[in-house]
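Protein chains in written order, with the working numbering: chain A, 1 to 110; chain B, 1 to 115.
Heads up, some of the hints might be wrong.
Unchecked claim - Partial list, computed: chain B residues near chain A (C-beta under 7 Å):
#1 Phe42
#2 Leu43
#3 Lys52
#4 Ile56
#5 Pro100
#6 Arg101
#7 Lys103
#8 Phe106
#9 Ser108
#10 Gly109
Keep in mind the hints are simulated off the structure, nothing from the lab.
A virtual CB, placed ideally from N, CA and C, is assigned to each residue, including glycine.
Residues per chain, in single letters:
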Amino acid sequence: GQQVMQIPQYQHVQEGEDFTTYCNSSTTLSNIQWYKQRPGGHPVFLIQLVKSGEVKKQKRLTFQFGEAKKNSSLHITATQTTDVGTYFCAGPTGGFKTIFGAGTRLFVKA
Amino acid sequence: DTAVSQTPKYLVTQMGNDKSIKCEQNLGHDTMYWYKQDSKKFLKIMFSYNNKELIINETVPNRFSPKSPDKAHLNLHINSLELGDSAVYFCASSRGQEGPREKLFFGSGTQLSVL
């Protein structure tokens, strides 16, 4: 079945360093979503990408959707301790079903 | 007001017991979901209801039975709890108009620990 692979599983950075997480699908996606889950919290929607090659920015966060609509990335510039958490990509598999990548857990050292 | 609320937040119980988790959303959404998050943070969909009708039923043991009395509520009943059921269970909702293009709103989760 369709899978959404996400790497890396973990990333430790020093505050101020950049961070990137990558998401790859075995099939073309109609759209991709990104969520953030703080430690002990619940996933919170960040953004959705729909168009091939789309790039969206939210302050220090940059989201990209690949030209083939099979991969996506989330880049954080100059990480802060408030960025700590697990970042998930999520894509559709048909009908109302959204499947999540395994997530990338970000640790930021002050 | 909490948009998606689920109770209880913590549930500690013995193997073999039966327990229920309740979820309510006040967003006026038509679709609700149950997700299971294991210790490795992997989020897996279990069930989804659209306007009280079951639309997604993943490969889940039949000990798990969802019920949606109305479109604002989705409960999860688990019979004969097993150690492997220990996880965080998240309820979520979406508008129900555009399928997987809709963003999901998650509840705060129920941490289930089976001893």
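Hints, one by one, checked against the model:
1. Phe42: Result: holds, 6 Å to nearest chain A Cβ.
2. Leu43: 4 Å, holds
3. Lys52: 14 Å, violated
4. Ile56: Hint holds; B/Ile56 Cβ to chain A Cβ min 6 Å, cut 7 Å.
5. Pro100: Hint on B/Pro100: holds, closest Cβ of chain A at ~3 Å, below 7 Å.
6. Arg101: Given a least distance of 5 Å, the restraint on B/Arg101 holds.
7. Lys103: Result: holds, 4 Å to nearest chain A Cβ.
8. Phe106: 4 Å, holds
9. Ser108: 5 Å, holds
10. Gly109: 5 Å, holds
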